[in-house]
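Protein chains in written order, with numbering that gives the first Met the number 0: chain Z, 0 to 500; chain C, 0 to 315.
Bear in mind the hints are in silico, worked out from the structure with no lab data behind them.
Honestly, I wouldn't trust all of these hints.
Claimed, not checked - Once the Cα atoms are required to be at most 20 Å apart in a straight line, the calculated SDA-like pairs of lysine to any residue come out as:
1. Z:389 - C:138
2. Z:370 - Z:329
3. C:138 - C:185
4. Z:41 - C:54
5. Z:389 - C:29
Unchecked claim - With the C-beta cut set under 8 Å, the calculated list includes, among others, these residues of chain Z facing chain C:
6. 41
7. 42
8. 122
9. 177
10. 194
11. 391
Beta carbons are placed, not taken as given, at the ideal position from N, Cα and C, and that holds for glycine.
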Amino acid sequence: MWRTAAAVLGLVLLAAPAAAQKQGGTATLGLELDIPGFDPLKVGVYDTAARSAAALMFDTLTRLDEEGAPQPKLAQSWTSSEDFKVWTFKLQSGVKFSDGTPFNAQAVKFNYDRMRDPNNHCSCAFYLSNIAQIEAPDELTVIFRLRDPSVNMPALVAASVVTTAYHSPAAVERLGADYNRNPVGTGAFVLKSWVAGDRLVLERNPNYWRPEYPRLDKVILRPLPDAQARFASLEASETDIIWDDNFDNIEKAEKDKSLVVYEYTGSGAAVAAFNTKVAPFDDRRVRQALVMAIDRKKMSQAISNGRLRPAQDPYGAGSWVKCQDVGALPYDPAKAKELLEDYGKPVSFKMVVTATPRGRMGGQIFQQFWKQIGVEMQLDQVDQTTVVTKAFKHDFELTPWRIIDSADPAAQMYANFHTGSPVNLAQYSNPELDQLLEHARATADKTTRIKDYCEIARIINHEAVWFWTFQNTYYAIAKPKLKGVAKLYSDVIDISESWLE
Amino acid sequence: MLGFAGRRLLYLVPVLIAVTLLTFLIAALLPGDLAIALLADEATPEKVAALRHEMGFDEPLAWQYLHWLGSALAGDFGRSFRTGEMVLSAILQRLPVTLELMLFAQLIALAIGVPLGILCAVRNGGAFDRLMTAIAFGKLSLPAYMLAIVLIYVFSVRLKLLPATGYVPLNEDIVGNLRSFVLPAVTLGFGEWPVLMRVLRSDMIATLQEDYIAMARAKGLRPWRILLVHALKPSSLTLVTVTGIGIGRLIGGAVLVETIFALPGIGRLLIGAINARDFAIMQGVVLFVATGFVLVNFVVDVLYGVLDPRIRHGRS
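Generate coordinates for the entire structure from the input sequences, incorporating the hints supplied.
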């Protein structure tokens, strides 16, 4: 569906200059969550709702084109040192925050320094741990000095997330605790009013630095927590586009001629990690047996009417890492039973799941698969924050995790699988794997990197320290009159360049 | 009368202390606290400890509670750690939505429950009475969210008569405001009328057997006059009590209804605060709700006196 829409959009853009798009109008975006605010120090991370809002009110240094390659936005150009540890970005001149103060290298540095300051206790600092230092030698030059190489940094800073929203230093300092709900960025839209729990009203930024944008006069963002009511609000034309992950709604929308479904399968996957330091998961045979007992097709059928795409590696369809053979263990319960017989002891354990209908359902399906090979699994239901705490304390036997959609696998793969990394949940250590991870993240040549990452996936699949269930797929449902919806990179609904027909 | 009111108001103090203390303890027992929620992926044990210390969470629980109580008494309910909103203004901003929702819901429940209760009492045991009893039990077991979705489907998606979600402030557009409350209030009120009908019916059946009603009939008063003037008032004691206690249930229902219809009320504020371990907001909402509940039931107690002078004068 998305591919067709994208192809058509591409043709339109080629055929007609931007001026042909209609100006004006109001678009209403229905989101799931209530946005707590935009100050990184207060909110730590942006959820899907805040990220979609940030795409309207803030600009990123770069943007991703249809192929996922970085293109200039706030940054005009960039260069890196040979070891990919120093990146220099040249900024667009003449850009102003919507409060009239200039956007410059000092402002970029201010934002990063503020997020990284240990005294500020920002959970966002986690995502910036690779930055050793930021320099602003002149108005329009920002230098990132990194601890570890980052080959694809320009693509990574394109995602609309908490660490890529540049706030007006003047506004941050002037408003203090009130800044959180009165954000000031450089984006195409500015915050006009905010009724907590009901709506954010954004109006076009009259001084926006890209004169052809925005095309809409107004965007209204509404938190609609109930999936059914959110979908009904779209059917009743109260919203023009909604975030959705309810497969019944998506199927219904696909059959409805008055609605358009945007679908994007990104990189990454929903995954689970074994704690290889505790029995029975210190034995590879047990881990392999459990993985071989999972019938992902059947599971997808049960959860999503077959929509979720089984994952064989941690990269996914949206990644540029494409492998011929990743050595994924096949679904083979007979072989799984053999492995367990070989192991010789009865296997029973607890799996951590989130105490949500979806978390429970996934857990119960695993329970059934593993029961068939004689394994007893109990669910340890905890809330989302507890999943994270338990995982970091290695207080689990098997825990769910996620590899998020990202323009480059280096950071997450290194953190998840390199010996000694705090996020190496499985506590697995393998010199060969370490060497491949180090090589892959410091190499520029794409073909070599793909070879490395495929080998990495093969090792992890064979060792079965983590397993992947489904790829990350994101959805938005819209009225056809809303055009110019960007590709749903990292689950962000970006309508900053949209128009109404 | 004043002494009566004063005594009842004094009850408020221990009730509020007990309620806030309980919330405090429950919040402390929840797995994962605000420090962990705030730090998320950064939640290493050392950082959690540092942040807990900064926020005063490592103080003894009793001391934390007294500290909160002291500030609250001085009118300072604090700021939300997560959003930076002042707790009091966050609550005051959302309170009107929930109050309006509960008022309409209770009115709808009374408008359905009272006439039906009277009719059932009059035709006690008749076909209508038995039918209504069946419907009432059926309704009591129908979950509110199901009704909500059906209403949205019929009135918003199909007929396009009423908004499916959202809220229009009263001072912006009165008609729009009322329209935005119709479906939520009907959903919430529909769960309430069966209870009201049942209690009014049984009280009324008892009243109708009193001698003075037989007397009124003998005097040749019109039946509707006997029912509405002479029988209804003394039969409504339980009804008034249930209506008052119902406020508590309505607040619970409001959480659900506000979520489905995306109304920016207290219920959703509370849910969000619980999920985010936003303790300041949680405590503030609980305090407000508890005060409201106690005050409503105080009004109910006063109404008893109005309805039945024997209570007012302390005789039975």
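Hints and how they fare:
1. A hinted pair counts as satisfied when its Cα atoms are at most 20 Å apart, and residue 389 of chain Z with residue 138 of chain C does not qualify at roughly 43 Å.
2. Only pairs whose Cα atoms come within 20 Å are accepted, and residue 370 of chain Z paired with residue 329 of chain Z is accepted, the gap being roughly 18 Å.
3. Taken as a hint, the residue 138 of chain C and residue 185 of chain C pair is honoured in the structure, with Cα atoms around 13 Å apart against an allowance of 20 Å.
4. Note on residue 41 of chain Z and residue 54 of chain C: the hinted pairing holds, with a Cα-Cα distance of about 13 Å set against a maximum of 20 Å.
5. For the given pair, residue 389 of chain Z sits about 15 Å from residue 29 of chain C by alpha-carbon distance, which is consistent with the 20 Å threshold.
6. Because the smallest distance between the Cβ of residue 41 of chain Z and any Cβ of chain C comes to about 5 Å, under 8 Å, the interface hint for this residue holds.
7. Evaluation of the residue 42 of chain Z hint against chain C yields a held restraint, the C-beta minimum of about 7 Å falling below 8 Å.
8. Checking residue 122 of chain Z against chain C by beta carbon gives a least distance of about 4 Å; that is within 8 Å, so the hint holds.
9. A least Cβ separation of about 6 Å between residue 177 of chain Z and chain C falls short of the 8 Å threshold, and the interface hint therefore holds.
10. Given hint, residue 194 of chain Z at the interface with chain C, holds; its Cβ is 6 Å from that chain's nearest Cβ, closer than 8 Å.
11. At about 6 Å, the closest approach between the beta carbon of residue 391 of chain Z and any beta carbon in chain C falls short of 8 Å, and the interface hint on this residue holds.
In this structure, only the earlier hint numbered 1 is contradicted, and the remaining ones agree with it.
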